[in-house]
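Visitor: Sequence:
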Amino acid sequence: MSRTEEFLTKAEEEEIVEAIRTSEKNTSGEIRVHLEKSAGDLDIFDRAMEVFHMLKMDNTKQDNGVLIYVAVEDRNFVIYGDKGINDVVSNDFWESTKDAIVAQFKQGNFKQGLVDGVLKAGDQLQKHFPWKETTVNELSDKISKG
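Mapping of the sequence shown onto the UniProt record's numbering: position 114 corresponds to residue 114, and the numbering continues sequentially without gaps.
You may find that some hints are simply not true.
Here are the simulated DMTMM-like pairs of lysine to aspartate or glutamate, each with C-alpha atoms no more than 20 Å apart in a straight line [as the list claims (entries may be wrong)]:
id	residue 1	residue 2
1	Lys111	Asp123
2	Lys61	Asp141
3	Lys10	Asp116
Between beta-carbon pairs, the in silico distance windows are [stated by the list, open to error]:
id	residue 1	residue 2	range
4	Ser90	Lys10	28 to 38 Å
5	Thr134	Phe45	32 to 42 Å
6	Gly108	Glu18	14 to 24 Å
Treat the hints as calculated values from the structure; they're not laboratory data. Think of the CB as a built atom: it goes at the ideal place given N, C-alpha and C, for glycine as much as any other residue.
Input sequences plus hints: build the corresponding full structure.
Guide: Now the structure itself:
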């Protein structure tokens with residue numbers, strides 16, 4: 001079994017998916033978590049952008065997708081918000097969200113770090129992109145793996 005498969009238990013994955021569903025319940029925004037072994041030869045941010053595109057997160061109607069990309073064996077991650085969400089959050093929002101995730105990761109609480117990041121992003125998505133009757137869940141809530 002690879003470190004990616006050991007990173008989270010099935011129950012922990014389900015808790016993260018539930019956090020995504022809770023966060024998306026009152027917003028048109030989309031949140032995805034993607035896990036993979038390594039960013040490979042690419043810079044981690046460049047790899048996260050590839051994954052963002054691969055998951056079609058750049059196709060949301062309001063450009064309000066948020067990706068938490070984790071390269072497990074690299075021991076690194078990126079949290080990235082598309083233009084719509086990035087334009088409306090405070091300048092320090094992504095850094096403070098990253099700090100919340102790192103605080104949990106440093107203690108080995110990977111599930112809780114991801115849940116905290118998802119919920120923080122969800123709060124901002126709900127604030128700036130509230131749910132409407134026409135809102136459709138555009139993307140899967142499941143954790144994707146590469």
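Visitor: Looking only at beta-carbon atoms, does the pair Gly108, Glu18 fall within the given range of 14 to 24 Å?
Guide: Since Gly108 and Glu18 have Cβ atoms about 21 Å apart, the given range 14 to 24 Å holds.
Visitor: Quick one, are Lys61 and Asp141 close enough, alpha carbons at most 20 Å?
Guide: holds, 17 Å
Visitor: Would the hint linking Lys10 and Asp116 be met if the CA-CA limit is 20 Å?
Guide: It holds: about 18 Å lies between the C-alpha atoms, which stays within 20 Å.
Visitor: Can you let me know if the beta-carbon spacing of Thr134 and Phe45 is within 32 to 42 Å?
Guide: Once the Cβ atoms are compared, 33 Å apart, the range 32 to 42 Å for Phe45 and Thr134 holds.
Visitor: Between Ser90 and Lys10, does the C-beta distance stay in 28 to 38 Å?
Guide: holds, 36 Å
Visitor: Given the hint that Lys111 pairs with Asp123, test it: the Cα-Cα distance must not exceed 20 Å.
Guide: Judged against 20 Å, a Cα distance of about 18 Å means the pair holds.
Checked against the numbered hints above, the structure violates none of them.
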